[in-house]
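Protein chains in written order, with this note's numbering: chain A, 1 to 115; chain B, 116 to 260.
Treat the hints as calculated values from the structure; they're not laboratory data.
Worth double-checking, as some hints may not be accurate.
Dumping the calculated DSSO-like pairs for lysine-lysine here, alpha-carbon to alpha-carbon at most 30 Å [what the hints assert, rightly or not]:
no.	chain 1	residue 1	chain 2	residue 2
1	B	197	B	136
2	A	112	B	123
3	B	196	A	114
4	A	114	B	197
5	A	112	B	120
6	B	255	A	25
7	A	78	B	235
8	B	255	A	114
9	B	235	A	114
10	B	136	A	114
11	B	161	A	25
12	B	197	B	235
13	A	112	B	197
14	A	91	B	123
15	B	235	B	221
16	A	112	B	221
17	B	196	A	91
18	B	197	B	161
19	B	123	B	136
20	A	25	B	136
21	A	25	A	114
22	B	235	A	25
23	B	123	B	221
24	B	136	B	221
25	B	235	B	123
26	B	235	A	112
27	B	221	B	196
28	A	91	B	136
29	A	91	A	78
30	B	136	B	120
31	B	255	B	196
32	B	123	A	25
Computed footprint of chain A on chain B; a stretch qualifies when at least three of its residues, placed anywhere within it, have a C-beta under 8 Å from a C-beta of chain A [unchecked claim]:
no.	region
33	174–187
34	197–208
35	226–232
36	248–258
Covered stretches of chain A (chain B as the covering partner; in silico rule of three or more C-beta atoms under 8 Å from a C-beta of chain B) [unchecked claim]:
no.	region
37	9–20
38	46–58
39	74–80
In this text, a Cβ means the ideal position worked out from N, Cα and C, and glycines have one as well.
Spelled out, the chains give:
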Amino acid sequence: MRYFYSFIFVGIICAIASIIYDNSKLTIGHITSLFVIIGSILGFLGIYDTIDSFGYGFNLPITSFGNALYLSAYQGFKESGVLGLFMSMLKTTSGGITATVIFGFIVSLICKPKD
Amino acid sequence: MTEDKYLKLVKENTLKENTLKNTFISFLSGGVLGLMAEALTNIYMKILYLEESSALTLMTITFIFIAVILTGLGSFDDLVKKYRFGLLIPITGFASSVASSLMDYKNEGTITGLGANMFKLAGAVILYGIVSAFLLALIKGVFYG
Numbered sequence: 001m002r003y004f005y006s007f008i009f010v011g012i013i014c015a016i017a018s019i020i021y022d023n024s025k026l027t028i029g030h031i032t033s034l035f036v037i038i039g040s041i042l043g044f045l046g047i048y049d050t051i052d053s054f055g056y057g058f059n060l061p062i063t064s065f066g067n068a069l070y071l072s073a074y075q076g077f078k079e080s081g082v083l084g085l086f087m088s089m090l091k092t093t094s095g096g097i098t099a100t101v102i103f104g105f106i107v108s109l110i111c112k113p114k115d
Numbered sequence: 116m117t118e119d120k121y122l123k124l125v126k127e128n129t130l131k132e133n134t135l136k137n138t139f140i141s142f143l144s145g146g147v148l149g150l151m152a153e154a155l156t157n158i159y160m161k162i163l164y165l166e167e168s169s170a171l172t173l174m175t176i177t178f179i180f181i182a183v184i185l186t187g188l189g190s191f192d193d194l195v196k197k198y199r200f201g202l203l204i205p206i207t208g209f210a211s212s213v214a215s216s217l218m219d220y221k222n223e224g225t226i227t228g229l230g231a232n233m234f235k236l237a238g239a240v241i242l243y244g245i246v247s248a249f250l251l252a253l254i255k256g257v258f259y260g
């Protein structure tokens with residue numbers, strides 16, 4: 001059942017993005033930024049935390065990036081106030097950002113653009 | 116029916132069909148990636164005995180790795196044309212945008228090329244993610260405890 005929920009949830013998010021893209025003049029950059037903000041709002045409302053427990057696939061879309069940022073920032077605030085907010089904002093997302101930078105750098109040294 | 120009217124009608128209908136098809140393809144490809152994420156996390160937890168949070172991070176890194184390699188080989192764009200938003204909305208889109216801007220600006224030097232342009236597209240995601248998370252966490256912390 002977890003597999004089913006993961007499939008449906010990620011699928012629906014991507015379908016919504018596709019619908020927005022086809023019916024408006026927004027670029028892909030606009031849509032991903034919008035989705036990150038939506039993710040942190042869903043985290044703020046406590047919705048993302050609830051649906052998160054239905055499957056691991058929920059951690060894949062960019063909305064979970066906003067949710068993870070919000071959650072770790074709030075955790076930091078609870079631990080050590082406003083300073084904690086600054087200190088632990090990137091705690092959970094650091095893995096993704098670091099991996100992107102490192103792998104991207106290595107690949108850019110080795111590969112050349114196609115055209 | 117005049118020719119103009121006919122052409123207009125054709126255009127409207129083909130556009131609608133494409134939109135529907137695009138939505139469906141995005142749904143399917145996104146769903147398959149979600150399935151893979153669930154399967155990978157379960158495998159990491161069972162085989163490598165990782166905690167849930169570590170397994171989730173490793174799963175994200177795996178997807179980033181695959182996306183970056185595909186971008187390096189130049190096939191990510193072709194895949195996006197085929198499978199559309201199923202590949203762009205998951206973390207793979209973020210990773211691929213960083214890798215492709217790194218590759219594109221490689222010739223302009225290591226600092227002014229690579230360094231200055233690496234987050235050209237992904238910067239918006241980080242900026243608005245952090246700003247919105249900061250404000251919301253502050254509101255939640257101050258007003259709701």
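Going through the hints against the structure:
Of the supplied pair hints, the one linking residue 197/B and residue 136/B holds, its CA atoms being roughly 11 Å apart against a limit of 30 Å. With a C-alpha separation of about 43 Å, the suggested pair residue 112/A and residue 123/B falls outside the 30 Å cut-off, and the hint is violated. Proposed proximity of residue 196/B and residue 114/A is supported: the alpha carbons are some 16 Å apart, at most 30 Å. Between residue 114/A and residue 197/B, the direct Cα distance comes to roughly 18 Å. Compliance with the 30 Å bound is thereby established for this hinted pair.
For the hint linking residue 112/A to residue 120/B, the alpha-carbon distance of about 48 Å lies beyond 30 Å, and the restraint is violated. Among the hinted pairs, residue 255/B with residue 25/A is inconsistent with the structure: their alpha-carbon atoms are about 34 Å apart, more than 30 Å. Restraint check for residue 78/A and residue 235/B: the C-alpha separation of about 33 Å exceeds 30 Å, so the hint is violated. The hinted pair formed by residue 255/B and residue 114/A fails the criterion: a straight-line CA distance of about 47 Å is larger than 30 Å.
Restraint check for residue 235/B and residue 114/A: the C-alpha separation of about 19 Å stays at or below 30 Å, so the hint holds. Taking the CA atoms of residue 136/B and residue 114/A, the gap is near 29 Å; set against the 30 Å cutoff, the hint holds. Among the hinted pairs, residue 161/B with residue 25/A is inconsistent with the structure: their alpha-carbon atoms are about 45 Å apart, more than 30 Å. Restraint check for residue 197/B and residue 235/B: satisfied, since their Cα atoms lie roughly 24 Å apart, inside the 30 Å limit.
Of the pairs offered as hints, the one joining residue 112/A and residue 197/B holds, with about 23 Å between alpha carbons and a cut-off of 30 Å not exceeded. Restraint check for residue 91/A and residue 123/B: the C-alpha separation of about 53 Å exceeds 30 Å, so the hint is violated. In summary, the hint linking residue 235/B to residue 221/B is supported, as the alpha carbons are separated by about 13 Å, within the 30 Å threshold. Simply put, residue 112/A and residue 221/B have alpha-carbon atoms about 9 Å apart, close enough for the 30 Å limit, and the pair holds.
Distance hint between residue 196/B and residue 91/A is unfulfilled; the C-alpha atoms sit about 34 Å from each other, more than 30 Å. Taken as a hint, the residue 197/B and residue 161/B pair is broken in the structure, with Cα atoms around 33 Å apart against an allowance of 30 Å. As the CA atoms of residue 123/B and residue 136/B are separated by approximately 20 Å, the hinted pair is consistent with the 30 Å bound. For a cut-off of 30 Å, the pair hint linking residue 25/A to residue 136/B stands: about 19 Å separates their Cα positions.
At most 30 Å may separate the alpha-carbon atoms for a hinted pair to count; residue 25/A and residue 114/A meet this at roughly 28 Å. The hinted pair formed by residue 235/B and residue 25/A meets the criterion: a straight-line CA distance of about 20 Å does not exceed 30 Å. Proposed proximity of residue 123/B and residue 221/B is contradicted: the alpha carbons are some 45 Å apart, above 30 Å. Of the supplied pair hints, the one linking residue 136/B and residue 221/B is violated, its CA atoms being roughly 37 Å apart against a limit of 30 Å.
With a CA separation close to 39 Å, the supplied pair residue 235/B and residue 123/B exceeds the 30 Å bound. At most 30 Å may separate the alpha-carbon atoms for a hinted pair to count; residue 235/B and residue 112/A meet this at roughly 18 Å. Annotation: proposed proximity of residue 221/B to residue 196/B holds, straight-line Cα distance about 24 Å (limit 30 Å). Distance hint between residue 91/A and residue 136/B is unfulfilled; the C-alpha atoms sit about 39 Å from each other, more than 30 Å.
Simply put, residue 91/A and residue 78/A have alpha-carbon atoms about 14 Å apart, close enough for the 30 Å limit, and the pair holds. At most 30 Å may separate the alpha-carbon atoms for a hinted pair to count; residue 136/B and residue 120/B meet this at roughly 25 Å. Taking the CA atoms of residue 255/B and residue 196/B, the gap is near 40 Å; set against the 30 Å cutoff, the hint is violated. Between the alpha carbons of residue 123/B and residue 25/A the distance comes to roughly 21 Å, so the proposed pair stays at or under 30 Å and holds.
Counting residues of the region 174–187 of chain B whose beta carbon lies closer than 8 Å to any beta carbon of chain A gives 10, which reaches the threshold of three, so the coverage claim holds. Restraint check on the region 197–208 of chain B versus chain A: 8 residues with Cβ-Cβ distances below 8 Å, three needed, restraint holds. With 1 residues carrying a beta carbon less than 8 Å from a beta carbon of chain A, the region 226–232 of chain B misses the three-residue requirement, and the given coverage is violated. Using a Cβ-Cβ cut-off of 8 Å, 8 residues of the region 248–258 of chain B lie near chain A, which meets the minimum of three, so the contact claim holds.
As drawn, the region 9–20 of chain A meets chain B at 10 residues by the rule of a beta-carbon pair under 8 Å; at three or more, the given contact holds. Coverage of a stretch by a chain is defined here by at least three residues with a beta carbon nearer than 8 Å to that chain's beta carbons; for the region 46–58 of chain A and chain B the count is 4, and the condition holds. Using a Cβ-Cβ cut-off of 8 Å, 4 residues of the region 74–80 of chain A lie near chain B, which meets the minimum of three, so the contact claim holds.
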